[in-house]
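Undergrad: Each chain, letter by letter, is given below.
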Amino acid sequence: MKLLRELFHYLDVTAANIKIAFLSIIEYPANIIGWLLSNPIQFLVGFATIQFVVNEFGAINGWNYGQLAFLYGLSVISHALSMIFFVNGWFMGWWVLDGEFDRMLTRPMSVVYQFFFTNINIFGITDLVPGVIVFAYGCQKIGFCFTLANVFQILVLLVGATLIRGGVYLILGSTSFWTRSAIDFGAFTQELFDKTTMYPISMYPEAFQFILTYIIPIGWVSFYPVSGLLGIENGLANGQVATWITLFAGILTMLVAAGFFKLGLRRYESAGN
Amino acid sequence: MSRAGIRVYLQVYKTQIIRSMTYKFEVYGNILMQSIIMLASAYFWKALFKNSDTVKGVDVDTMLIYTVVSAMISVVLTCNVERRIMTSVDKGTIAIDMMRPVNVFGVFLAEDIAGITALVFQNMLPILVIGCLFIKLPTPAGPAHFALFLVSLFMAFWINWLIACMFGMIAFWTLNMDALIQVKKHLIRLLSGSIIPLWFFPAWLRNILEWLPFAYLYQLPLDLYIGKYPVSSAQCQRGLCVQLLWLVLLTMGFLFLQKRVTSKVMIQGG
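Sequence lines, in order, name chains A and B. Heads up: take any position in the first sequence, counting from 1, add 319, and you land on the working numbering. Heads up: take any position in the second sequence, counting from 1, add 67, and you land on the working numbering.
Chain A on its own, in the form it takes in the complex (with noise of 0.2 Å):
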């Protein structure tokens, strides 16, 4: 019971940060309309380049370009609900250097919550147009069916995917605890990304898929559940279970990320060191 009154009361909690995050928008309106332009330009022309490529090609690794523009989309949609929610792992050292934990930790919540929950970065929605255009486009192109058990295994694929992008983020944030630097991590956990899970990781070396399917589970952000949900031969998890996987992927990297966080915490003495 009482753990139940805690749950409603974290997403009250969240639901009011939301409300303020949507009311930022209004606060500066010339920035979201200067995102709205960037970041779908950046993606849609990126994904039409590669469809150049991939039409003189034919496939690239045994994936057409339906299928191709079907996870990228979804991987930057993917993107897009990480960066909403989950952006302030990249600025880690600013919040450890400028003490801002302080505040946080006189407070009765989860500081990993707060952390996250209470910058909610509502700009991030600016990439969720573009990942959903291609994402359209690729289901046109393949003739995929909604229907209700693919809709479902898509939002567990989202979910898993965000929390795996999400714990990755905090994983490299939280070194600032030791480092005591501020290194901004966004551009190339960016680049790491985009290069591993908006084309089929098939393509390269078999350590590096090694290292991505089981000690950074990149590799289930979407290649894996996409080619299991398509039905494209990956070698490892066919079929539905590369979805379940992925969720369970994306639960075990933020506890170990958080994990990972409260440890560095102890060692966080405030601003001024």
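If you're looking for bench data, these hints aren't it; they were derived computationally from the structure. Keep in mind it's a predicted model, so treat the numbers as computed, not measured. For each residue, glycine too, the CB sits at the ideal point set by N, CA and C. Check the hints yourself; a few may be wrong.
Covered stretches of chain B, as calculated for chain A (at least 3 residues, CB under 8 Å) [unchecked claim]:
no., segment
1, 96–103
2, 106–115
3, 118–124
4, 215–228
5, 246–256
In silico lysine-lysine, DSBU-like type, Cα no more than 30 Å apart, as pairs [stated by the list, open to error]:
no., chain 1, residue 1, chain 2, residue 2
6, B, K158, A, K514
7, B, K251, A, K514
8, A, K514, B, K203
9, A, K514, B, K252
10, B, K123, A, K460
11, A, K514, B, K113
12, B, K158, B, K326
13, B, K117, A, K460
Knowing the structure of chain A, use the given hints to seat chain B on it.
TA: Frame of chain A; chain B shown alone:
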């Protein structure tokens, strides 16, 4: 330019190099990131060429050289001038910068050249080593091709800097341009041939892009390096001519805008 002027720019150049040496972690991070991009494209091409020998007149080895050299060119085409102008306008220090007895844009240029000099050692050489070890030794098509490549790369540097500088001047009229800078970065990255050569684009789009300056940042120098066309061919000559034309046009545009911006600052005081 007077001798004292040159001495000032040299001093700026030296200071900036020393400054670039201080951020160690950033250097490693950049090398790591550039290597990821380069290796990923190399495997992308390897996967594509699995079933075909030559496509659009190039084979997989040429495409791998293209990838390594493109990563190296990106070092020569890094500049900070837009952000430099933006922060300068934002903080209001631009008025003081302009009052100084040297041309403020000359100082920005000296800083950028210094940054690139440092990056040649911190970034270009490591990329070359990694490229040679894991991808392929990037040998140019021939001595004549290589000479033309250097000429074209030199012009590409200027075109890139002038575009960035004029772009930065927009800051005098509107303040927040983070999003605009991102748009420009992505468009250049995708429409200049830096990742995917323009030969793969549909003909109508290619025809447009051939008349825009972006293709002359990466595509032309790279074409010359890999020897896509013979040195004496019409494509080569036309490419270099259009590149020179853009250089002249952008220089004129820069001089014009510089005057406008200066008078604007003089009137409003920054």
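Undergrad: Evaluate each hint against the coordinates.
TA: Going through the hints against the structure:
Figure legend: the segment 96–103 of chain B, annotated as covered by chain A; annotation consistent (4 residues with Cβ-Cβ distances under 8 Å, at least 3 required). Check on the segment 106–115 of chain B: 6 of its residues sit with their Cβ under 8 Å from a Cβ of chain A, so the three-residue criterion for coverage holds. Judged by the Cβ-Cβ criterion of 8 Å, the segment 118–124 of chain B is covered by chain A as claimed, because 4 of its residues qualify and three suffice. Against chain A, the segment 215–228 of chain B contributes 0 residues with a C-beta closer than 8 Å to a partner C-beta. That does not satisfy the three-residue criterion, and the hint is violated.
Here the segment 246–256 of chain B counts 6 residues with a CB under 8 Å from a CB of chain A, which clears the bar of 3, and the coverage holds. The hinted pair formed by K158(B) and K514(A) fails the criterion: a straight-line CA distance of about 37 Å is larger than 30 Å. Between K251(B) and K514(A) the CA atoms are separated by roughly 21 Å; this keeps the pair inside 30 Å, and the hint holds. A distance of roughly 20 Å separates the Cα atoms of K514(A) and K203(B); the hinted pair therefore holds under the 30 Å criterion.
For the given pair, K514(A) sits about 18 Å from K252(B) by alpha-carbon distance, which is consistent with the 30 Å threshold. Between K123(B) and K460(A) the alpha-carbon distance is near 26 Å, which keeps this suggested pair within the 30 Å criterion. The suggested pairing of K514(A) with K113(B) holds, with an alpha-carbon distance near 15 Å, which does not exceed 30 Å. Of the pairs offered as hints, the one joining K158(B) and K326(B) holds, with about 21 Å between alpha carbons and a cut-off of 30 Å not exceeded.
This hinted pair checks out: K117(B) and K460(A) have alpha carbons roughly 24 Å apart, not beyond 30 Å.
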